[in-house]
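Novice: Note that the protein sequences, when read in sequence, are chains P and X. Residue 55 is where the first sequence starts when you use this note's numbering, and the numbers rise one by one after that. Residue 381 is where the second sequence starts when you use this note's numbering, and the numbers rise one by one after that.
Don't read these hints as lab results, they were simulated from the structure. Accuracy of the hints is not assured; some may be wrong.
As the list claims (entries may be wrong) - Selected chain X positions facing chain P (in silico; Cβ < 10 Å): (1) Y384; (2) Q385; (3) Q402; (4) H410; (5) K430; (6) L433; (7) L438; (8) L441.
As the list claims (entries may be wrong) - Stretch-level coverage of chain P by chain X, calculated; a stretch enters the list once three of its residues show a Cβ under 8 Å from a Cβ in chain X: (9) 144–153; (10) 165–174; (11) 216–222; (12) 226–233.
Backbone N, C-alpha and C define an ideal beta-carbon position, used for all residues, glycine too.
Here are the chains, one letter per residue:
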Amino acid sequence: MPIPAGYTSGQIVQAVPTGINSAFVYLAGASFSAQTTVSMAAGVFTSTYKTYRVEFQTVASAAINITMRVNASGTPVTSGNYAQAISMMNTAGSASGSGTGSGTSLPLVATDSSSPFPAYASITIYDPANASSNTGATYMSYGSIAGGAGTSGLSMGGLRFNSNAAHDGLTFIAGSGNMTGFYRVYGLIEG
Amino acid sequence: MSEYQIQIGNEVRDMTEVEIAQRKKDVAEHKAQAKAQADREVAKDAVLAKLGLTADELAALLGS
């Protein structure tokens, strides 16, 4: 059977019910064990999709902060272009927030305060492959509040990489200790 | 094998010198942020103690 145009032999072609024209298409993923830095391979985000969803789950070796960077040609970008706003709610019901216009990474989630130190994040990435626009991201995460390892809670945040550039992946960074878990990347079909 | 490693996709390799330098910088930054967070918590607790309030009572007072 010939491979349909637009697909490679390794891709999983997902069946979509008749009349449903939208779907998440699995693109890439990896499991990791006791790593401090986990990066996507180059070329995960391309112009094929405008919007990508990344699901990230981990348990860590301790209560740690986990940050995120965008990749350019497979390399994490460390410049101070991570404009961000984050709203947090801990299990005591106390809300707080943080933000900056010039961060060097995005505080994504911190692992929960007690063993096994889990954390979960769902991240949506907007138009990352467009070199003529800012890459955007919004996320929701639970474990410990972002930037506050040890305080269990929910974080919701937004990121605008405030310099026009194309980005082709993400990097997840443990502030200390290490992470064990996985990430999955999906493209959102348009139309 | 170096103590500094990075996983790219499914491949784990030793970090380059540039990546190790960035890693050390990131760890230092995280430590500073964690200390700042801890200091804020201590300062908050000190204020609550001065006021004679618990964290729950403060939350009730602020309506959060």
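Novice: Does each hint hold? Answer for all of them.
Specialist: Going through the hints against the structure:
no.: 1; hint: Y384; verdict: holds (8 Å)
no.: 2; hint: Q385; verdict: holds (7 Å)
no.: 3; hint: Q402; verdict: holds (6 Å)
no.: 4; hint: H410; verdict: holds (3 Å)
no.: 5; hint: K430; verdict: violated (19 Å)
no.: 6; hint: L433; verdict: violated (13 Å)
no.: 7; hint: L438; verdict: holds (9 Å)
no.: 8; hint: L441; verdict: violated (12 Å)
no.: 9; hint: 144–153; verdict: holds (count 4)
no.: 10; hint: 165–174; verdict: violated (count 0)
no.: 11; hint: 216–222; verdict: violated (count 0)
no.: 12; hint: 226–233; verdict: holds (count 3)
Of the numbered hints listed earlier, those contradicted by the structure are 5, 6, 8, 10 and 11.
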